[in-house]
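Following the hints, position chain B against chain A.
Below, each chain spelled out in residue letters.
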Amino acid sequence: MPQAASPHSKGALIEIRGLGKRFGSVVAVDDVSLTIDAGEFVALLGPSGSGKSTVLMSVAGFERPTAGQILIDGVDCTGLPPNKRNIGMVFQHYTLFPHLSVGDNVAFPLKMRGIGKAERRRQAEQALEVVRLSGYAERMPKQLSGGQQQRVALARAIVYNPRVLLMDEPLSALDKNLREEMQIEIKRLHAELGFTVVFVTHDQGEALTMADRIAILKAGRLQQVSPARSLYERPSNLFAAGFIGEMNILPVTWDGEKATFSNNQDIRLPAEALIEPIRPGAAVLAVRPERLSVAAPGEAGTWKATVRDVVYAGAGSLLITHLDDGSEVRLRMPSAGQANVRSGDTIGIRMPPEAVLLYPSGDAA
Amino acid sequence: MNPRSLLLHAYVYAVLVFILLPILVILPMAFSETTYLTFPPQGLTLSWFGDFFTDSRWMASTWFSVKIAVLTAITTAVVGTMATYALVRGANAMGTLFQAFLIGPIVVPHIALAVALYLFFQNAGLSGTTLGYVLAHSVIAMPFTVFTVAAALTSVDPALEDAAMSCGASRFNAFRLVTLPIILPNVISGALFAFIISFDEPVIAFFLAGIRDKTLPRMMFDDIEQNLTPIIPAIAVLLTLLSILVLLAAAVLKHMADRNKGAEGQ
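Taken in order, these protein sequences are the chains called A and B.
Quick note on numbering: this note's numbering labels position 242 of the first sequence as 242, and the sequence is numbered without any gaps.
Quick note on numbering: this note's numbering labels position 170 of the second sequence as 170, and the sequence is numbered without any gaps.
Don't take each hint at face value.
With a straight-line Cα cutoff of 20 Å, these simulated SDA-like cross-link-like pairs (lysine to any residue) come out [stated by the list, open to error]: (1) A:K142 / B:R259; (2) A:K142 / B:V156; (3) A:K142 / B:P158; (4) A:K84 / B:R171; (5) A:K187 / A:T209; (6) A:K142 / B:A159.
Derived by calculation from the structure, the hints in this document are not laboratory data.
In isolation and in its complexed conformation, chain A is listed as follows (with noise of 0.2 Å):
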């Protein structure tokens, strides 16, 4: 790929410094602070409504912040129009330029800089080969597949070599298998073309998938910036904990060393268990489904549960149970092996200690 070997492609470090912006008295993105490394990938994820795609809007310059800068490459951008940014950009609903052929919107930005007819062409048909969509340039978009008009608005995002890629919900149009196609098409690119990728998206699996960090709003303010990894095995508060991935969350009284249920049941936790730390008294026990297991009812150290459900989907299954306070508390499990649990039956729910997080109770749900 001859843009991968430019020293061009190389991504811009986008620096976000108390970013605010209120539509009269509603405000949509509260104090928002975020540094994003030159050639990172960062996700934004959150419910709609949560001020993501309006911080996307400010760094693309369509938004104009009431509060704080945007730096890109050190240069304070937040008062540049979109034009004057070199910022490739994807839209949610392609945004194909319907009078225009496959190559002439793939050249379009090239137009736009004055670039010469052939050069447009070449460099257009090479952006083309990128998406792999070699051989297209004739076409018109509505000849195309959605899954192809994509890849085409990402061969225009992209023709120009810019250091940043912006993303809002690109995907969100697609079904399912175009849309996990597309996901590693997009992360093929951005590791062979080096660019600097803030990606929002309301799908978790897509975020976790595709971010080397993802960054969590709910209503304006930014809950949590992480890692994949730790996000989902050590999120920082309880929206968090309940936005990413199914979460098990139980009411609880904590003395210090043991988290108590209402059965008067314990469970000692270590350290780690708590993100910050908790003062003795009402706390929120949290634990992944797929991190309890089923044993036989009244095992030592287990929960006594009743199955309510048990889903099978394919690979794994989802069993439905509840305690004998009545909360509901589920488990994820290999499909295989699980056939003898049935719904009305007793069983023990093994909770491995190393597995639980403790939360502040009353923490945002």
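For chain B alone, coordinates are given in the frame of chain A:
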């Protein structure tokens, strides 16, 4: 065909005949050899058409009408497209009021508009001038341009211009290179309607006409008052042909616009 649908067909054709009858009556009268209007026509001649094309007074007013209609078409296309863009894309609190002003002339009787313009233009020194006509005709033609352009613009994704800007296009270039080409068929067909509206507009022409420059419809009024020769139906035939041509062009453009819109799907 069952009796009910036969009845329906008969009804539809009756309506069509009723609409077309005046034209069907006028048409043959243009070929009459008599020097007065008569139906059925007597004899067959093309001389009235020849008279029209060779008479310098008729030609002068025709060209004057063409000039005003062309300028009106251009004015409404440019101003109407800009106004429609503001209406459709802008988030202005005054939008509704603005829209009411733009399309108001459709409901205001032309005679009221003509009287008002007459008084105003008289003081402003615009009566009988090309500028006066173009301004007045643009006002009455504007609603049609706004409607045709809005129909296209509402179906164009605003994110397309964002995409163009992210590609490095300035705000104006994003409009010029992306949105405008997509809505262009509708802009042109809006301009064509404006042309036709201006070209056969009689009421305002009646009030604004100066001594020297008269539009074609105004000349026809004068001629009807004084002579009433078959040159009037001859011109009517020509005007009808022109309207049909313009409507055909508009239909072709609409077809093109629909194709562009189809391209945007997904």
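For which of the previously enumerated hints does the structure constitute a violation, in increasing order of number?
The structure conflicts with no hint, since it agrees with every one listed earlier.
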